[in-house]
Amino acid sequence: MDQLLEILEGLQPDVDYENCKDLIDGHYLDSLMILSLIAELEDEFDIIIPTVEIIPENLNSMESMWKMIVRLQEED
Amino acid sequence: MQYCEPIYFLIFLPLVMLFYHFTSQKHRWKVLLISSYIFFFSISHYLLIYLLLSTFSIHHIGLWLSSLQKERDLLVKEVERKQRKEIKKQYQKKQRFILAGAVVLHVGLLAVLKYAGFFGTNVNVLLNMLHIPFQMPVYSFMIPIGISFYTLQAVSYMTDVYRGAILADQNLGRLALFMSFFPQIMEGPICRYSQTAMSLYEGQPFNYQSVKFGVQRIAFGLMKKIIIADRLNILIKLIFDDYMKYDGGIIAFSAICYTCQLYMEFSGTIDVVIGSAEIFGVQMPENFRQPFFSKSISEFWTRWHITLGTWFKDYIYYPLSLSHPLRRLTAFGRKHLGNYYGPLLAGTIALFCVWFCNGIWHGSAWSYIFFGLYHFSFILLGNLFQPLIHKLPIHREHWLYKGFQIIRTSIIVCIGELFFRANSLTDGIAMFKKIVNDFTLDSLTNGQIFQMGLDKHDFLIIAIMVLIIFFISIARERGVHIREYISQKNIVVRWTIYYAVIFMIIVFGAYGVGYIPVDPIYAGF
Chain A
1 MDQLLEILEG LQPDVDYENC KDLIDGHYLD SLMILSLIAE LEDEFDIIIP
51 TVEIIPENLN SMESMWKMIV RLQEED
Chain B
1 MQYCEPIYFL IFLPLVMLFY HFTSQKHRWK VLLISSYIFF FSISHYLLIY
51 LLLSTFSIHH IGLWLSSLQK ERDLLVKEVE RKQRKEIKKQ YQKKQRFILA
101 GAVVLHVGLL AVLKYAGFFG TNVNVLLNML HIPFQMPVYS FMIPIGISFY
151 TLQAVSYMTD VYRGAILADQ NLGRLALFMS FFPQIMEGPI CRYSQTAMSL
201 YEGQPFNYQS VKFGVQRIAF GLMKKIIIAD RLNILIKLIF DDYMKYDGGI
251 IAFSAICYTC QLYMEFSGTI DVVIGSAEIF GVQMPENFRQ PFFSKSISEF
301 WTRWHITLGT WFKDYIYYPL SLSHPLRRLT AFGRKHLGNY YGPLLAGTIA
351 LFCVWFCNGI WHGSAWSYIF FGLYHFSFIL LGNLFQPLIH KLPIHREHWL
401 YKGFQIIRTS IIVCIGELFF RANSLTDGIA MFKKIVNDFT LDSLTNGQIF
451 QMGLDKHDFL IIAIMVLIIF FISIARERGV HIREYISQKN IVVRWTIYYA
501 VIFMIIVFGA YGVGYIPVDP IYAGF
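These protein sequences, in sequence, are chains A and B.
Each residue of the first sequence is one higher than the one before, counting from 1 in this note's numbering.
Each residue of the second sequence is one higher than the one before, counting from 1 in this note's numbering.
No lab work stands behind these hints, which were simulated from the structure alone.
Cβ coordinates follow ideal geometry from the N, Cα and C atoms, glycine included.
A portion of the hints provided could be inaccurate.
[To be verified] Which stretches of chain A does chain B cover? Using the computed rule of at least three CB atoms under 8 Å from a CB of chain B, they are:
#, region
1, 45 to 53
2, 61 to 74
[Claimed, not checked] 20 Å max Cα-Cα, derived EDC-like pairs, lysine to aspartate or glutamate:
#, chain 1, residue 1, chain 2, residue 2
3, B, K245, B, E477
4, B, K295, A, D14
5, B, K85, A, E53
6, B, K89, A, D46
7, B, K433, B, D247
8, B, K70, A, E75
9, B, K433, B, D242
10, B, K89, A, E9
11, B, K89, A, E74
12, B, K313, A, E57
13, B, K77, A, E74
14, B, K391, A, D30
15, B, K82, A, E9
16, B, K88, A, E53
17, B, K335, A, E40
18, B, K295, B, E477
19, B, K335, A, E9
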């Protein structure tokens, strides 16, 4: 989780990631940041994030992102 | 038959409600499906065959993809981890091939029906310019109503099955209803299978609250369409058809009026659509979220025609920007340009494709392509300068700065809509030039504006209605839902408001002699 927090803060430092539950729906992360985020997550956690996973439910909070990462690592 | 005509909301819709109510829950979906085909047939007659072909084909493709997925899952279970990847790869390749073929077929049919004439004409112009003595035959076809909308729904269904986001539907009737549901077939919203298919099929019994909210929403939509959009039509038609006669001030005013008309017509019709679906217990996705409170063009497109924007994002923007070549470009960019500008190039290529498709989706004319690329340019500029603007010593949360951003965005939108409405791109450019070179407020102040089909009373009614919609929008922006608020009031207040709305539509509606109701603008796309 700490690695994830570090990545997110590197992209957009002005957000309270531990409490924010609407990172996508609340437009805290725009589409360019999402492209960066996907690339960083793939590099850092050695996963491939298919397009179908890029939905608000998976990216709206740090917890949901973490769940997605763990799931993709297990599925690999 | 159109959604804002009495034949729809006073005859067709109540009749469907009646049949629906007196049919057992198990068979209610059949009432909706038959009604949808009758609705489609009443507008496009035998072109219904195109919708049927699309429905049969996505049903078949969905099942085909699904059977491959089941076969793959069985094989994967029986082998070691190393082989699993290879098997998955092989099956993904097969599935991708099927999906690509199906998408080409559906989008290709749309392209042939909609753009054959445009393509032929432009190729002939090019051949003439190059002095090549050959002319292509120019074909034009009858286009079934709503093809641009249901094709996008068909593509999203097949792609979602391919991605494993939904299971392929075995039930042809349910899929047919998802594709053809009469309230949405003409102007959207563009729904995903996971959003509406099940609730359409369930055949829920009438619920007082849903019917009440549905009817309220329909009345609100009619108010926007009949009182404002239809009233403005005569003025807009006059100016856009003969713009050379008018100065820049009048043309700028007509661009504002058209933007207002388009919003009232499209969002009003969507209110009627969502209200109609709500009556049958179906919750459709919202298509508008107070777009004129947007602080940038990119935010505007998350509030205007939302379902089209999310469709392009999910099925064009992300798949393209996360494709192998663009992923490599992003990785290269991030290494050399950092986290912000790194993905910008890949994002911009995908964004360009999205806006080109957005423009051409609206119609086969250069003015629509220009409209798409116009918005692309402003979004790109916003992306390029965002880091610089964030460094400026501006208090971004100050209401004055926010007000400036909202006005700036609205002006850009109005200019875009001028090109969108102009009879051709050449006319659009000439009208814009008039605004720049021949701007004067004389015609607006000397009374000439009141001699163009609308008198002072018409403008007064429009101004009052726009103000009402504006205050409702402010309330929504602050999280207050007007209809829930009204429903909490006592019976006298509630019915006074209901009667006031009905009274306003009947008395102030722009119908009869002297008015030309605007055709459903988005149904033409």
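To see whether the hints hold, each was checked on the structure:
A count of 4 residues in the region 45 to 53 of chain A with a Cβ less than 8 Å from any Cβ of chain B is obtained; the coverage claim is therefore met, three being the minimum. Coverage of the region 61 to 74 of chain A by chain B is violated in this model, with 0 residues showing a Cβ closer than 8 Å to a Cβ of that chain against a need of three. At roughly 40 Å between alpha-carbon atoms, K245(B) and E477(B) are farther apart than 20 Å, so this suggested pair is violated. A hinted pair counts as satisfied when its Cα atoms are at most 20 Å apart, and K295(B) with D14(A) qualifies at roughly 19 Å.
For the suggested pair K85(B) and E53(A), the alpha carbons sit about 19 Å apart, so the restraint of at most 20 Å is met. Note on K89(B) and D46(A): the hinted pairing holds, with a Cα-Cα distance of about 18 Å set against a maximum of 20 Å. For the hint linking K433(B) to D247(B), the alpha-carbon distance of about 10 Å falls within 20 Å, and the restraint holds. For the given pair, K70(B) sits about 17 Å from E75(A) by alpha-carbon distance, which is consistent with the 20 Å threshold.
Taking the CA atoms of K433(B) and D242(B), the gap is near 15 Å; set against the 20 Å cutoff, the hint holds. For the suggested pair K89(B) and E9(A), the alpha carbons sit about 35 Å apart, so the restraint of at most 20 Å is broken. Our distance criterion of 20 Å between C-alpha atoms is met by K89(B) and E74(A), whose separation comes to about 18 Å. Between K313(B) and E57(A), the direct Cα distance comes to roughly 15 Å. Compliance with the 20 Å bound is thereby established for this hinted pair.
For the proposed pair K77(B) and E74(A), the alpha carbon gap of about 15 Å is at most 20 Å, so the pair holds. With a CA separation close to 18 Å, the supplied pair K391(B) and D30(A) stays within the 20 Å bound. At most 20 Å may separate the alpha-carbon atoms for a hinted pair to count; K82(B) and E9(A) exceed this at roughly 36 Å. At roughly 17 Å between alpha-carbon atoms, K88(B) and E53(A) fall within 20 Å of each other, so this suggested pair holds.
Between K335(B) and E40(A) the alpha-carbon distance is near 11 Å, which keeps this suggested pair within the 20 Å criterion. Under the criterion of a C-alpha separation no larger than 20 Å, the hint pairing K295(B) with E477(B) is consistent with the structure, at around 13 Å. Of the pairs offered as hints, the one joining K335(B) and E9(A) holds, with about 18 Å between alpha carbons and a cut-off of 20 Å not exceeded.
When the structure is compared with the earlier hints, violations turn up for hints 2, 3, 10 and 15 and for no others.
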